[in-house]
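Asks: If you want the building blocks of each chain, they are given just below.
There are 2 protein chains.
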Amino acid sequence: MNIPKTSYPRVVIIGGGFAGISLAKKLSKQEVQVVLLDKNNYHTFQPLLYQVSTGGLEPDSIAYPIRKILKDFPNFHFRLANVEEINTVENKVLTDIGELKFEYLVVASGAETNYFGNSEIEKNSMAMKTIPESLNLRSLILENFEEALLTSDLNERNALMNFVIVGGGPTGVELAGALAEIKNGILPKDYPDLDTRLAQIHIIQSSDCILKGMSDKASEKAEDFLEKLGVNVWKNVRVTNYDGKTVTTNTDLTFETATLVWAAGVKGAAIKGLSAGDFVAKGDRLLVDEFNLVKGFKNIFAVGDVACMTTSEFPNGLPMMAQPAIQQGKQLGENLVRLIENKPLKPFEYHDKGSMATIGRNKAVVDLPRFKFQGVFAWYVWMFVHLFFLIGFRNRMVVFINWVYNYVRFDREARLIIRPFKKALKR
Amino acid sequence: MNIPKTSYPRVVIIGGGFAGISLAKKLSKQEVQVVLLDKNNYHTFQPLLYQVSTGGLEPDSIAYPIRKILKDFPNFHFRLANVEEINTVENKVLTDIGELKFEYLVVASGAETNYFGNSEIEKNSMAMKTIPESLNLRSLILENFEEALLTSDLNERNALMNFVIVGGGPTGVELAGALAEIKNGILPKDYPDLDTRLAQIHIIQSSDCILKGMSDKASEKAEDFLEKLGVNVWKNVRVTNYDGKTVTTNTDLTFETATLVWAAGVKGAAIKGLSAGDFVAKGDRLLVDEFNLVKGFKNIFAVGDVACMTTSEFPNGLPMMAQPAIQQGKQLGENLVRLIENKPLKPFEYHDKGSMATIGRNKAVVDLPRFKFQGVFAWYVWMFVHLFFLIGFRNRMVVFINWVYNYVRFDREARLIIRPFKKALKR
Chain A
168 MNIPKTSYPR VVIIGGGFAG ISLAKKLSKQ EVQVVLLDKN NYHTFQPLLY QVSTGGLEPD
228 SIAYPIRKIL KDFPNFHFRL ANVEEINTVE NKVLTDIGEL KFEYLVVASG AETNYFGNSE
288 IEKNSMAMKT IPESLNLRSL ILENFEEALL TSDLNERNAL MNFVIVGGGP TGVELAGALA
348 EIKNGILPKD YPDLDTRLAQ IHIIQSSDCI LKGMSDKASE KAEDFLEKLG VNVWKNVRVT
408 NYDGKTVTTN TDLTFETATL VWAAGVKGAA IKGLSAGDFV AKGDRLLVDE FNLVKGFKNI
468 FAVGDVACMT TSEFPNGLPM MAQPAIQQGK QLGENLVRLI ENKPLKPFEY HDKGSMATIG
528 RNKAVVDLPR FKFQGVFAWY VWMFVHLFFL IGFRNRMVVF INWVYNYVRF DREARLIIRP
588 FKKALKR
Chain B
168 MNIPKTSYPR VVIIGGGFAG ISLAKKLSKQ EVQVVLLDKN NYHTFQPLLY QVSTGGLEPD
228 SIAYPIRKIL KDFPNFHFRL ANVEEINTVE NKVLTDIGEL KFEYLVVASG AETNYFGNSE
288 IEKNSMAMKT IPESLNLRSL ILENFEEALL TSDLNERNAL MNFVIVGGGP TGVELAGALA
348 EIKNGILPKD YPDLDTRLAQ IHIIQSSDCI LKGMSDKASE KAEDFLEKLG VNVWKNVRVT
408 NYDGKTVTTN TDLTFETATL VWAAGVKGAA IKGLSAGDFV AKGDRLLVDE FNLVKGFKNI
468 FAVGDVACMT TSEFPNGLPM MAQPAIQQGK QLGENLVRLI ENKPLKPFEY HDKGSMATIG
528 RNKAVVDLPR FKFQGVFAWY VWMFVHLFFL IGFRNRMVVF INWVYNYVRF DREARLIIRP
588 FKKALKR
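Order-wise, the sequence lines are chains A and B.
With our numbering applied, the first sequence corresponds to residues 168 to 594, in that order.
With our numbering applied, the second sequence corresponds to residues 168 to 594, in that order.
Heads up, a few of these hints could be off.
Put simply, identical chains are the same to the list, so a pair is met inside one copy or across any two.
Simulated pairs of lysine to any residue, SDA-like, Cα-Cα distance not exceeding 20 Å [unchecked claim]: (1) Lys259 x Glu279; (2) Lys238 x Glu310; (3) Lys296 x Ile584; (4) Lys356 x Ser442; (5) Lys238 x Glu314; (6) Lys513 x Arg405; (7) Lys238 x Pro355; (8) Lys434 x Asn311; (9) Lys513 x Glu252; (10) Lys384 x Gln367; (11) Lys193 x Pro511; (12) Lys356 x Pro171; (13) Lys520 x Ile584.
These aren't lab readings, by the way, just hints derived from the structure by calculation.
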């Protein structure tokens, strides 16, 4: 790979998510050469993907060109590349655009959908971890209703209008709420020929509460909000299979649906060469110490979702969320400088800033370390926090305007069916 | 096809472009049943496609769900369908979702790119007539620069950084200007490792002036603006072939480029069953009389780009632009009601409201019937007119904000590479 040579040590970062970007920013003015590799040329603000899937926001509003985030930094190089293997012996990464040597490597490859080995669910379900996947889901939801218009088979029509979401975490809950608002506010106007009251939204959770990582109050209130919106919440039910038509569970319950959204699990995005060994924890995450150093290595680090850092409070590793990723990225940036300067490193300390989820208009739940609240005020806090963390002034403005518009008009207008891959375009 | 039966005569409209939508709106409160068929569920504001290709606007901002435009109208039905054939004997259309009988048929299928039979150019060039095509072009432009970084072959690098636009009409001129602004303002920051001054933008026009349909002053000034931006304008040069690497012309000139954008011609989007006969004019357009009735038929009409209505001023048919389409759609709406009520029809009269093109910031040319002007004021007029004709309040707001932002910051932020069709997603 064609990277200018310097006398600075080279830090290669794999992944431009929250962790990779915050690390790169910290290193921006230091005496290191930073090479960031990502298979996309944009950073994705994953917490808002569900709004793209449900027509509330346009895809470009929650993404940001990586080059632009880091354009003013000297010694920074971005390459659009898919990392295929890590050679830990020769200290190099192998990518689809060539090899690259490193002095320090930081794996920030994030998480991917975990189907727990069920290939039939993997084949037949929809995921929502990337922008193309979110656009794909948006298109499918709309296509289902167009198709429902065409059939006179009532069972088929109902299956097309039913949505089953597996997983009661923030992604599942937020998607279920948004789908319910579409069902209540938009479908009756868009499809006067269909009895859209028959459309059903199911959310299925294997344990006894939704939003498991949050407080009991948040969990109860979220369930309450979902039920008010007409979502069917199923607890203590585990989905066992989905053949593209029927969802089976570990109980007598079955669901007929054309759309299963799998939000039931994530795992670390493992990379060949660093995907097997005693440094790999449950869920394909890389075991790291308090300096984010991967177990057994001296110059290979992992940050964010792919890193498994255990603490007394989190014996299975810190939660796979934006906050630990951002904080680890920043801290590792400082530690890398200390390491190069032969100074002692500072151990990472996670500052839990709380968590939150939105269910619908005026309906959100917020757990802060000292306060827990739900409802309208929580909803405003949720919006403010998400606008604040979104990268880019233009994105913030456009998202804000869309939210105001959607709120005032009870609408979500970005509902185009765009699936260019259905038809092969040139090149 | 599953359309409710009524006692009203059924008008089937093929195409939800400017002509089809303005016709449907006119018929909204009349005693007719309207069925609008389109292969997309959205209306595309084609005049701004070039801004999607060049990262200035997000795709959803210039599109609008067709169902939403017409949601309050009784007796209106939309179906997402690809019309495969028209049976003019039995008065029915054959689509990929079934057959549909009609009392009246209006072909508003618009225009498609005309390669004048050159299949090699068709295979190797990029078009810009649809939203997926525009996103495809945007992705290619950005991918080219990512690739240019990787090669050490200077000829290949230059070819990746060169852009050849064939056709000096509004599409070609506006795209060339926008590309030049990207080259001057964004590329040097995004690609500090590349000498982006070497990037060349060529626009090739077969006749002796660009913007042929406009005034001499507009044409001269547009050329002047393009040259100020660093675009190479080639006149009296006709492109003869493009093998994916080298553009050959009818002169000694050749161009090495990885990207040829073909904006050199359009033709009517013909539909089987109505694509051959003495009613087909040059460029696959349907010959219509002053009532938009297709020659030789009593109940089949054509409006917009696909219709060829000749006048003394336009012996080859009205220009293929938004204004004739909108005006014909409205007028035909009124005439269909008259026809059903057995009243005499009113002949169509084209009101030329002028034409305009924008080349870059503060640089536009406007020809109104009484005034012709160029420069900053023309640029404001261009923006105002485009915002006015854009459908949807949210779209107008979002486009306006993007324009203000792009103007103030000399930027275009929607520059993500999103080509989901490169990788087959589920379903």
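Asks: Find the hints from earlier in the document that the structure breaks and name them by number, from lowest to highest.
Replies: As far as the earlier hints go, 1, 4, 6, 8, 9, 10, 13 are violated by this structure, in ascending order.
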